[in-house]
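J.: Work out the full structure, taking the sequences as your base and the hints as a guide.
The numbers in the numbering used here rise by one with no breaks, and the one at position 235 of the sequence shown is 276.
In short, the hints are calculated from the structure, not lab data.
Watch out, some of these pointers could steer you wrong.
Computed list of lysine-lysine pairs in DSS-like fashion (alpha-carbon distance at most 30 Å, straight line) [what the hints assert, rightly or not]:
| hint | residue 1 | residue 2 |
| --- | --- | --- |
| 1 | Lys242 | Lys171 |
| 2 | Lys171 | Lys252 |
| 3 | Lys242 | Lys168 |
| 4 | Lys146 | Lys231 |
| 5 | Lys171 | Lys243 |
| 6 | Lys231 | Lys168 |
| 7 | Lys231 | Lys243 |
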Amino acid sequence: MYSYIFKKTVNLFFTLFVVVTLTFFILESIPGTPLSYLGHSVGSQMKTNFLIKHGLHLPLMERYLLFLKNIFIHWDLGNSMIYPGRVVIDEIRSYGGTSFLLGIKGMFLGLILGLTGALATVETQSKTLKYLMEVISLILISIPNFITASLVYYIFAIKFPETNLIGLGRGGFSLAVACIALSITGIYMKYIRETILEELKKDYVIQARLKGYRGIRLLLTHVLRNALAPVMSLLLPQIAGLFMGFYIIEGIFSIPGFGNIYIDSVNNKDYNMILGATIVFTLIYVVTVYLTDILYAILDPRIRRRLRNES
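T.: What follows is the structure, given as structure tokens:
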């Protein structure tokens, strides 16, 4: 187990290093610089001062090494090139907090709805209800989240403008949460249902039935715990997507989030903000995948046995 954790930790840092390096050189290869944002009316002296201030006058490899030093030694993401005085990490913390809260609420609601739908589909004796739940799951999986959000926005903001859904008002935020939940409910419903049906074929379920466990009691006391373990591999990596995956929904409901600041930085060629946002996003993603692998190894006895045999 310890060697497994060590390998995963090495992979984590290697992945972060590769993504940071690729992002740096991709930005350098794109035509244009943050100077284009300043316009043609800015004097040559001001442009020179801008280049020196942000180290853009240095050779490429020297800038790269300085960048790595600031990131991995000083943990300094720098300041925005376009908006003086704005610290990159503070901007990410401010906007990212909104996205994270929005995503967490949406994911939690989607998980509850998906779990409820999966249990109802497995437990019901009605073929009509079972078919209806499967159709609903398929529809929710098939419709992109931006279409759902656009439809909800049209109904409540255009047809019923008195609901006042623009921005961070309670109504707009709640509907954005509902759109996120609907976009992932179908996935959870289908995945949990499949894992429950797979668990119902196993020997321990037969033994539980011989002891008198039936129906929803059997599912809740014996099956669900084992069925939810594989769901961790689906749930945790989505945490990283909370910052970027729902930026379209944020835009539709005018909610200032992480996705909006990232797109704004790309449009303005704000290198420091782009690099900082990419690093934070990558770090969150690789850490959640790392934790998923570790937790899955702990929760799944088959993986634990395989790791013991390999060691």
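J.: Now, for every hint given, state plainly whether the structure supports it.
T.: Going through the hints against the structure:
At roughly 19 Å between alpha-carbon atoms, lysine 242 and lysine 171 fall within 30 Å of each other, so this suggested pair holds. At most 30 Å may separate the alpha-carbon atoms for a hinted pair to count; lysine 171 and lysine 252 meet this at roughly 27 Å. At most 30 Å may separate the alpha-carbon atoms for a hinted pair to count; lysine 242 and lysine 168 meet this at roughly 20 Å. Between lysine 146 and lysine 231, the direct Cα distance comes to roughly 20 Å. Compliance with the 30 Å bound is thereby established for this hinted pair.
Under the criterion of a C-alpha separation no larger than 30 Å, the hint pairing lysine 171 with lysine 243 is consistent with the structure, at around 22 Å. For a cut-off of 30 Å, the pair hint linking lysine 231 to lysine 168 stands: about 17 Å separates their Cα positions. A hinted pair counts as satisfied when its Cα atoms are at most 30 Å apart, and lysine 231 with lysine 243 qualifies at roughly 20 Å.
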